[in-house]
Amino acid sequence: EPEVTQTPSHQVTQMGQEVILRCVPISNHLYFYWYRQILGQKVEFLVSFYNNEISEKSEIFDDQFSVERPDGSNFTLKIRSTKLEDSAMYFCASSAARHFSDDYGYTFGSGTRLTVV
Amino acid sequence: ELKVEQNPLFLSMQEGKNYTIYCNYSTTSDRLYWYRQDPGKSLESLFVLLSNGAVKQEGRLMASLDTKARLSTLHITAAVHDLSATYFCAVSDFGNEKLTFGTGTRLTIIP
Chain A
19 EPEVTQTPSH QVTQMGQEVI LRCVPISNHL YFYWYRQILG QKVEFLVSFY
69 NNEISEKSEI FDDQFSVERP DGSNFTLKIR STKLEDSAMY FCASSAARHF
119 SDDYGYTFGS GTRLTVV
Chain B
2 ELKVEQNPLF LSMQEGKNYT IYCNYSTTSD RLYWYRQDPG KSLESLFVLL
52 SNGAVKQEGR LMASLDTKAR LSTLHITAAV HDLSATYFCA VSDFGNEKLT
102 FGTGTRLTII P
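Top to bottom, those sequences are chains A and B.
So the first sequence is numbered by our numbering: it starts at 19 and just counts up by one.
So the second sequence is numbered by our numbering: it starts at 2 and just counts up by one.
You may find that some hints are simply not true.
For lysine to aspartate or glutamate, the following EDC-like pairs were computed, each having C-alpha atoms within a straight-line distance of at most 20 Å [as the list claims (entries may be wrong)]: (1) B:Lys42 x A:Glu21; (2) A:Lys60 x B:Asp39; (3) A:Lys101 x A:Asp89; (4) A:Lys60 x B:Glu6; (5) A:Lys60 x B:Glu16; (6) B:Lys69 x B:Asp94; (7) A:Lys75 x B:Glu2; (8) B:Lys4 x A:Glu74; (9) A:Lys60 x B:Asp94; (10) A:Lys60 x A:Glu71; (11) A:Lys101 x A:Asp81.
These are calculated hints, taken from the structure and not from any lab test.
Let the sequences and hints guide you as you build the complete structure.
Here you go:
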């Protein structure tokens, strides 16, 4: 079964450092997303990406965050200057073209646990 | 703004018992998901519900959707220990690709 792959699985970084989280979405999917989950809390939407541009972003996704699809397969989330409160699990997801069907394929990756110290 | 509420937040139940988790959402939606999450793990898709009256079952879990009441339920039948996990519902708004998640229900099945 196709998977969304995320690397690394765990990253520890010092406050103020830049981090890049990487994702390989499912190959025929067109929509890409980042979500985050602070330990013990619910999953929160960060950003959606379609046709090489951001289609929607949340209030959390401020100027410190950026996303990029540098080639045909990778989708990255960059945090420019990490803060302690950025510590969370970050999930990448992808979905097929929007249609009203069970086969929408909204699939989450295994996540990257980011720890800012 | 779409709001999604789940209850209960915590549920401890004995093996063999039945129980229901509730998911209420605030605006019309075209799609409702149920996910399972084990500690430190990713989100495993359980069900996608697309229309009013939709009912889906997989093993001891059954999900239903009432779009008029803006309510989905996840029913657990004859619980077993392996079902211990956190369960999230998530809703997508019409014309919108993002998912809004509920607060989650941490389910613990006691032998």
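The hints, checked one at a time:
Our distance criterion of 20 Å between C-alpha atoms is met by Lys42 (chain B) and Glu21 (chain A), whose separation comes to about 15 Å. A C-alpha spacing of about 13 Å is found between Lys60 (chain A) and Asp39 (chain B), which places the hinted pair at or below 20 Å, so the restraint holds. At most 20 Å may separate the alpha-carbon atoms for a hinted pair to count; Lys101 (chain A) and Asp89 (chain A) exceed this at roughly 28 Å. Only pairs whose Cα atoms come within 20 Å are accepted, and Lys60 (chain A) paired with Glu6 (chain B) is accepted, the gap being roughly 11 Å.
At roughly 26 Å between alpha-carbon atoms, Lys60 (chain A) and Glu16 (chain B) are farther apart than 20 Å, so this suggested pair is violated. Proposed proximity of Lys69 (chain B) and Asp94 (chain B) is supported: the alpha carbons are some 15 Å apart, at most 20 Å. Of the pairs offered as hints, the one joining Lys75 (chain A) and Glu2 (chain B) holds, with about 14 Å between alpha carbons and a cut-off of 20 Å not exceeded. Pair hint Lys4 (chain B) plus Glu74 (chain A) holds up; C-alpha atoms about 17 Å apart against a cutoff of 20 Å.
Restraint check for Lys60 (chain A) and Asp94 (chain B): the C-alpha separation of about 18 Å stays at or below 20 Å, so the hint holds. For the hint linking Lys60 (chain A) to Glu71 (chain A), the alpha-carbon distance of about 26 Å lies beyond 20 Å, and the restraint is violated. About 13 Å separates the Cα atoms of Lys101 (chain A) and Asp81 (chain A), which keeps this hinted pair within 20 Å; it holds.
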